[in-house]
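In case it helps, our numbering puts the sequence shown at residues 386 to 1048.
No lab work stands behind these hints: they were computed from the structure.
All residues carry an ideal CB built from backbone N, CA and C; glycine is no exception.
Hints are all accurate, no fakes.
For lysine-lysine, the following BS3-like pairs were computed, each having C-alpha atoms within a straight-line distance of at most 30 Å: (1) K714 <-> K595; (2) K962 <-> K1010; (3) K786 <-> K797; (4) K657 <-> K796; (5) K675 <-> K657; (6) K718 <-> K766; (7) K796 <-> K956; (8) K627 <-> K693; (9) K579 <-> K595; (10) K671 <-> K714; (11) K523 <-> K536.
If you anchor each label on the Cβ, the simulated ranges turn out as follows: (12) N782 <-> P558: 47 to 55 Å; (13) D703 <-> I478: 43 to 51 Å; (14) E771 <-> S577: 42 to 50 Å; (15) N397 <-> N572: 42 to 50 Å; (16) S780 <-> D722: 16 to 24 Å; (17) S417 <-> Q813: 23 to 31 Å; (18) M867 <-> S577: 43 to 51 Å; (19) S780 <-> I478: 31 to 39 Å.
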Amino acid sequence: DVRIDEFYWLNNPDDPEVIDYLEKENDYYKKSTRHLKSLEDNLFYEMRSKIKEDDSSAPYFYNGYWYITRYEKDKQYPIYTRKKENLFADEEILFNCNELAKGYEYFKMVGINISPDNKKVVFGVDTLSRRQYTLKVKDLESGELLDINVKNTTGYGVWANDNQHIFYAKKNPKTLRAESIFRQSINQGKDSNKLIYTETDNTFSTFVSKSKSDSFIFIGSFSTLTSEYRFIDASKPLGDFKLVQKRVEGLEYSVSHFEDNFYIYSNANNAKNFKIDIVPISNPSKENWKTFLPHRNDVLLEDIDLFKNFWVTTERLDGLTKIFIRNWKDSSKIEIDMDSETYTSYTSTNLEFDTNYLRYVFSSMTQPSQVVQIDMNTLKKEVLKEQIVQGNFDSNNYTSKRIWVESRDGKKIPVSILHKKNIEINSQTPVLLYGYGSYGSTIDPSFSSNILSLVDRGFIYAVAHVRGSEYLGRSWYEDGKMLNKKNTFFDFIDVSNYLISQNYTSPKHLYAYGGSAGGLLMGFVVNEAPDLYNGVIAAVPFVDVVTTMLDENIPLTTGEFDEWGNPKNKKYYDYIKSYSPYDNIKKQSYPNLLVTSGLYDSQVQFWEPTKWVARLRLKSKNNNKIYLDTNMEAGHGGSSGRFNSLVETSKKYAFLIGLENQK
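With the hints as constraints, model all of the structure from the sequences given.
Here is the structure:
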């Protein structure tokens, strides 16, 4: 097959002409939207004014200390602190990221992990936004950094129980695949690291973790559909790792520890929605797995959390998350009540093993996020922290609901909807429809103070829970990937048509938004159904699918063959090419488009959205605006800092409101 890419020259970040091209695109966008600048500024200050700037997290207790993350007024970054034994003790500042970020356009700290003796901390820092973290260790007694500066890691280090050794994963410098595990002795300087494991299969990545019991260190290897674990005694870091169960294509599993057994969360034996097995640590291979919590066809088992006296599961039924508490003694099952029609809930920071308290987060489209603690003995709940929305926010002014839309093949697609109670809903109502639908990643309906800036201006905000997520179980994901990928796209179009047919809105007032793989979704729908939308936002969109999936030298490609298919196989090549947005641009009218990108993006290389915009402009038959806005200092997640990110959000919202105000 021959494909002509007239913009392939843009695939070179080292070419000054490419950088010049991006800067000219940014200049064009800036000049063309000059009339929106005051609106952008208003939106920025409006969204910022809703944030409680001098805020702090709900303290959590671990290994003798209370840990608190707090923010100060006018400061972009968090301050990580702790207090010994009780909350009245003196505050010890672990990291003030506002100081550490000085001099950098981008700053992100991850993986903060305190040693078992509480004297040292390992952490990762990224100052480029390419997710290539430098691993460092700080002595908490002296406040000094040790002579450890490991570049190109995932940012996460795991302590052995001797307080002397750290295990961490290192990335391939070109593909950014986490491919090797090292052991580092903190007392022997920078040359004391030893390669422990190399993942030779380039469709797999590797990582290191520690059991909640602190008894074992695990090396995990995973692809989209297959996983494998090895383990050692965390008190014997120089020992050899033992295999739990060797990889078998299609077998996904993870490992938790309690007493003399491993608890295996897996899809073994056709357990599509996952189950839990129990196995002796002494002989943990699959032939010894015994059913502990069986598979259920109508329930997706999402997570298990083990405590000394209880075990907790997170389960999804009919799209809604349920959290169940069970006692080890009698296995009595209690469901935590979630009083809402559509919401987000998940277990939160539960690091302590010997505790009867469980923390979880609850949020809905109208309810700001709450950190709730429940006593697993008495079931008494306490809201430890609720997101404060400053200003005149009143949740009673808003309403949310879930509707079901029939797709073209008869499937019922759930859609979560938010709007002000007092608006009149008709064909003139502006609607922003959001979608993602890939990797089994479920976008649950949660609270966003930012989205209120649209809703307060009369917009309806809707989330289409299309296939490709796991909102309705594992089959919902499998029905939206590989050779079923187009179901994701058609679900979104069918929801759009439904909203129009039911008089929620009309094509002149319907807007769509998706990012990354959701940007691929946007790319397809503007090719297939451009007349449905007045405007579309495609954030860091994955739109040149064929070229990217044929290039194994760039990040992510090899690990994604199980999601999209390998285009070196003709069947997948033909199917991917039939929907890849860049390959299917037509001579037709297109909606107004705002496309965002990041120069250092490690997930979707910047040239994909850049080329897509260029070709769209060549083919489009109307005069609608097609903008490209590239962040020249950031990557896939956009700007760092809690206020800088609002600048990007305000641009997107101003684009939508500006289009709507033209009507």
